[in-house]
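Undergrad: This is what each chain is made of:
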Amino acid sequence: MGKEEYRDVWIFIEQHKGEAAPVSWELLGVGRRLADDLEVELAGVLLGHNVSHLVKEAWAYGADKVYLVENPLLEPYRTDPYNKVIVELVRQYKPEILLLGATSLGRDLASAIATTLETGLTADCTVLSIDKETRCLEQTRPAFGGNVMATILCKESRPQMATVRPRVMPMPPRQEGRQGELVRVDIPLREEEIRTQVIQIIEEKTAAVHLDKAEIIVAGGRGIGSKENFALLEELAQVLGGSIACSRPVVEAGWLPPEYQVGQTGTTVRPKIFFAIAISGAIQFLVGMQTSDVIVAINRDPEAPIFKVATYGIVGDFREVVPVLIEEFRRVLKK
Amino acid sequence: MLEMVVCVKQVPDATEVRIDPQTGSLIRAGVPSIMNPFDAHALEAAVQLKEQLGGRVTAISMGPPQAEAVLRKALSMGADRAILLTDRAFAGSDTLATSYILGQAIKKLQQERPVDLVFCGKHAIDGDTAQVGPGLAVRLNFTQLTYIIKIEEVNLQERSIQVHRKLEGRREVVRGRLPALLTVERELNEPRYASLPALIQAMKAPITVWGKDDLEVDPSRIGLKGSPTSVRRMFAPPQREGGEILPGSPREAALALVKKLVESNILSG
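Chains A and B, in that order, are what the protein sequence lines are.
Start counting the first sequence at 1; every next residue gets the next number (this note's numbering).
Start counting the second sequence at 1; every next residue gets the next number (this note's numbering).
Each hint should be verified, as a subset may be incorrect.
[To be verified] These stretches of chain B come out as covered by chain A in the derived footprint (C-beta under 8 Å, 3 or more residues):
(1) 90 to 99
(2) 106 to 116
(3) 140 to 146
(4) 166 to 177
(5) 243 to 255
[Said to hold, decoys possible] A short list of chain B residues far from chain A (calculated; beta carbon distances all over 12 Å):
(6) L53
(7) A130
(8) A180
(9) R186
(10) R192
(11) S195
(12) G211
(13) D213
(14) P219
Rather than coming from a laboratory, the hints here were simulated on the basis of the structure.
Cβ atoms here follow ideal geometry from the backbone N, Cα and C, with glycine treated the same way.
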């Protein structure tokens, strides 16, 4: 079958207990642009049980169409039935592009789908665009620990699949009342064919959840010097209503648990303000935070690479700077 | 008796890779190679299960001939045997072709004795895709269990495994059928240090080397030809525009910063 038969851009709408993962809407934002460039339709793919309330949300965030598959066996998420349903949808409706969020669930699913369909999959794209001549999806991602960017193509196989981390793409505006098409598809599933059973789900209010939603992040690096010294950063975070975070060496030193790590092997964040304190700014760290609106760097070393990306830099010892920030923010914010 | 396979990958120590500021190219000379850190946890998990339930652990790696080093490390940490998949024809394989080759190699092992469990790290720190593990589960038609932080039970009578998975903001306790493929997180265990006798033994141990002619592989599905994705170009990451360094003493600079942030209204709402 020729690749020309494949049309439209699909976005996997990830949901848990009827609540959509925000990355799904971020992807609809990118998908809208790709679909417009290709002059095709943008569709959301929504699986679950009692999740039809999310259809109008998908329309509001830009979908022209939503493929909805509802079945009690699709809640909670399990790899087998999700893989089966999406593979069948792809075979039936033939999208040229399929994007998923690079969450644990999205990565678990994306690779299973791509391997079953024997098509290409590019993880953690930071830029997605269309080559107008070939209609190919240009998938740009950091490679070699973020030291270089690579643009990857999937020239012949369809659909072209990619994942994008949460918060890498901006949230598109929500257009209340925007209408679209709903395509309900029934794909028979049998419990006996599903090889896993979810015995229990333990909801956790971990730092990671907090971190990728935090509007203000106060992050410390190796230069903080000890676990105890993070108390100062916590205090600043508290005054600003933000969250603390750290770079990889801090986790390796055991000063903070891995959930707090920002960067290539940690969480990608996009807060309004990111404080990088005593962090030199290795590229692996920068790729996880450089899309923050405002970056403040505090470091003793004026040559530290972090200053190259910082909106505001202060050259100095954090032990002298941070207490002044706490005191002054407290005064002006009246906390 | 459990028959287990652990996939290990040799990766450059990411903390050591630098980019040449003049040419924008990668400086890889002199960068040490290590076992992908997550794979060490995968191996430890298999070795611990062997110690509890008995069985055999085979470490397998695909890469250039020098990837032998990570297999020796795997042997020193408790793997019983090691297989290196190396061939010029494998070079340039993307994740789809890689999972195909690994899958064909494990299928070859299965002809000898069926495999119960395959372990992989949750991702490799160089590619960072997390795609080969799940891809391999599909290739082998094994139950896919990713992001494992705890193995509660392996029940050989029932042919089942119960594990804890880590997802964003929640954990799942999942029961799956054997055979299964697990991708593991750091929290699962603490990889052991090899003892000196184990290190010496691992240095001397034979390593099986398989190339494309040793496996039943379709030449059109391996290497560059078997990879649907290809790199169009590489370039230095775009630099964010650097801003201003606030002058003065630490106190003066801190006060200036607060003033700027408050005036920019970014703190409101």
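Undergrad: Next, verify each hint and record whether it holds.
TA: Going through the hints against the structure:
A stretch counts as covered by a chain when three or more of its residues have a beta carbon under 8 Å from one of that chain; for the segment 90 to 99 of chain B and chain A the count is 4, and the coverage holds. With a threshold of 8 Å between beta carbons, the proposed coverage of the segment 106 to 116 of chain B by chain A is violated, since 0 of its residues qualify and at least three are required. Counting residues of the segment 140 to 146 of chain B whose CB lies closer than 8 Å to any CB of chain A gives 4, so the stated coverage by that chain holds, three being the minimum. Closer than 8 Å: that is the beta-carbon criterion, and the segment 166 to 177 of chain B has 12 residues meeting it against chain A, so the requirement of 3 holds.
Three residues within the 8 Å Cβ limit are the bar, and the segment 243 to 255 of chain B against chain A gives 10, so the coverage statement holds. Consistency note on L53/B: stated as away from chain A, and its beta-carbon is indeed over 12 Å from all of that chain's, at 21 Å minimum. With a least beta-carbon separation of about 5 Å from chain A, A130/B fails to lie farther than 12 Å from that chain, contradicting its non-interface assignment. Under the 12 Å C-beta cut-off, the non-interface status given to A180/B relative to chain A is violated; the minimum distance is some 8 Å.
Against chain A, the non-interface label of R186/B is violated: not every CB pair exceeds 12 Å, the least being about 7 Å. Taking the minimum C-beta to C-beta distance to chain A, about 18 Å, the non-interface status of R192/B holds against the 12 Å cut. Listed as a non-interface residue, S195/B keeps its Cβ farther than 12 Å from every Cβ of chain A; the least gap is roughly 24 Å. A cut-off of 12 Å between C-beta atoms confirms that G211/B is not in contact with chain A; the least separation is 23 Å.
The claim that D213/B lies off the interface holds: its Cβ sits roughly 23 Å from the closest Cβ of chain A, which is beyond the 12 Å cut-off. The claim that P219/B is not at the interface with chain A holds, since no C-beta of that chain comes within 12 Å of its own (minimum 16 Å).
Violation of the numbered hints given earlier is confined to hints 2, 7, 8, 9; the remaining hints are satisfied by the structure.
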